[in-house]
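Trainee: Chains as they are written, first to last, in the numbering used here: chain P, 1 to 385; chain C, 386 to 558.
Treat the hints loosely; a few may be bogus.
Reference listing, derived: stretches of chain C covered by chain P, where coverage requires no fewer than 3 residues with Cβ under 8 Å from a Cβ of chain P [said to hold, decoys possible]:
1) 408-418
2) 428-436
3) 450-457
4) 463-471
5) 474-481
6) 533-546
Bear in mind the hints are in silico, worked out from the structure with no lab data behind them. We put the beta carbon where it would ideally sit given N, CA and C, even for glycine.
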Amino acid sequence: MAELTAVVGIGQTKYEAKRDDLSMPGLVREAAERALADAGCSWADIDAVILGKAPDLFEGVMMPELFLNDALGGAYKPMLRVHTAGSVGGSTAIVAASMVQAGIHDRVLCVAYEKQSESNAIWALSISVPFSLATVAGAGGYFAPLVRGYIRRSGAPEDTGIRVAVKDRQNALRNPLAHLHLEDISFDLVANSPMLWDPIRYLETCPSSDGACALVMEKESLASRRPDKVAWIHATEMRSEPTMFSGRDQVMPRATLDNAKNLYRKAGITNPRREIDCAEIYVPFSWFEPMWMEGMLITERNQGWKMTYEGATAMDGDFPVNMSGGVLSSNPIGASGLIRFAEAARQVRGRADQHQVDGARKALGHAYGGGSQYFSTWIVSSEKP
Amino acid sequence: MNAHDTSGTEGDGSPVTVLRAPIVLEYEYSAGQSASRFLRAIAEGRLLGQRCPVDGRVYFPSRGSCPQHAVTFGDEVVELSDKGTIVTFSIVRVPSKNIPLELPYITVNVLLDGADTILMHVLDADLDDVHMGMRVQAVWKPREEWTTSTENILFFRPIDEPDADYDSYKEHI
Ligand SMILES: [Zn+2]
Chain P
1 MAELTAVVGI GQTKYEAKRD DLSMPGLVRE AAERALADAG CSWADIDAVI
51 LGKAPDLFEG VMMPELFLND ALGGAYKPML RVHTAGSVGG STAIVAASMV
101 QAGIHDRVLC VAYEKQSESN AIWALSISVP FSLATVAGAG GYFAPLVRGY
151 IRRSGAPEDT GIRVAVKDRQ NALRNPLAHL HLEDISFDLV ANSPMLWDPI
201 RYLETCPSSD GACALVMEKE SLASRRPDKV AWIHATEMRS EPTMFSGRDQ
251 VMPRATLDNA KNLYRKAGIT NPRREIDCAE IYVPFSWFEP MWMEGMLITE
301 RNQGWKMTYE GATAMDGDFP VNMSGGVLSS NPIGASGLIR FAEAARQVRG
351 RADQHQVDGA RKALGHAYGG GSQYFSTWIV SSEKP
Chain C
386 MNAHDTSGTE GDGSPVTVLR APIVLEYEYS AGQSASRFLR AIAEGRLLGQ
436 RCPVDGRVYF PSRGSCPQHA VTFGDEVVEL SDKGTIVTFS IVRVPSKNIP
486 LELPYITVNV LLDGADTILM HVLDADLDDV HMGMRVQAVW KPREEWTTST
536 ENILFFRPID EPDADYDSYK EHI
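Please construct the entire structure, taking both the sequences and the accompanying hints into account.
Mentor: In structure tokens, the structure reads:
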């Protein structure tokens, strides 16, 4: 029987286009120190450090886990780096949790980051393979044809993505840490922004951010003694599949459906839409909100866009999504998944300040990456299972 | 100010906050048996696919094994047409240094006739005309310029055939 584990400390940096006040070590240090302070711990209280970030090619720093060992108090402790493309923040949290759940460590520090101002993500994601023509420009170039496929299949109105983009940017106005605070955000502003990767408009894409996020996790016997609310981890799940194979459903990959089914089974959830109070979902391009509402089995196939349209995913809807403003408002890629997991934990601790969902007791954190081929998710709750 | 190389620059007196230090990476690339066969064929203007022994589906390009079933393909090759159907597409207006195409350009996921996998390529067509199900054919470089590269195909171009039925390609989206 696995050890019950809880998130007891959360730290995030301010997300910005360019944190030139901090080096990479300074960036991860800022998030880690805030998580330790939140948990009331010192560096000596940490048994192991788990670090995540997106491909090394982004900043050109190979093996950043070596470079960052001292900044994260790693001396003489186990330190491990995780990488699963864009979902890495989520899988880093899951690997860290598993260290405690397995009884290997009592308390671990989990950190993920990206310094996009020192990197070139589109270049790093458009690598040309020898003997072949490079045609895919960055993540947008890869995902735009799939979004078109989703629209064709579901018959979703073409402005669904615009509505998601407006909603997430409105939510970000309540989150002081968010990178984008677009005071004048409106339907027309998004609709009239340039079409970058048809059908994806400029304001339907995520920004490029610097930032880091950190969590402290603890075993039950320690976490139970705390006077403040902690976020109990009810279930975690990861899945992957190859980028390309015949008959692969790239719009709704089997890996996401298997992931969702197993996550809910482990968490004892039979009706996710009713039992989960809110969710932080990895939505780097607006259309992925309706797509992952289906991919996470929150609604029926080809019906995800209706949740957006009916306002179900808004702050005051029956299933609020991305209360923090989401990836569309802050995207330090390697950290973006961990921020989803952390924001889910903030909600059930009742500590999400201005973007708190009243009475949230159970929340979903979600990340995906690669060509919609890595998925990591967790369910956290204010109550023990 | 930003210094754009490591050699030092004449500044405007403001502090240096970013130093750009390019890294060059040179590496050896081994195509392997299966890709080599595919590339030698494309140097002759032939498109070779391979069949998965588990479900019989034809992979193009083939890497010699099935990503889904983790089995190697045999020696059998399947010769494919250079005509196909646009499964889905995007019009790209974002530049990338490693893509040698002028903006805007159309990226297409093409299902070649006889293949069961999609090929990502580019389409030379009117931006307003491109649509799912459109029938297209490869436009090749002049024969004397052919090498062992998929770049032998310059782009795809629409052909005068009726659109493919949605059901015939929908599972490849
Ligand atoms: Zn197969």
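Trainee: Now tell me if each hint is right for this structure.
Mentor: For each hint, the structure was consulted:
no.: 1; hint: 408-418; in the structure: holds (count 3)
no.: 2; hint: 428-436; in the structure: violated (count 0)
no.: 3; hint: 450-457; in the structure: holds (count 3)
no.: 4; hint: 463-471; in the structure: violated (count 0)
no.: 5; hint: 474-481; in the structure: holds (count 8)
no.: 6; hint: 533-546; in the structure: holds (count 5)
In terms of the numbered hints stated before, the structure departs from hints 2, 4, listed from lowest to highest.
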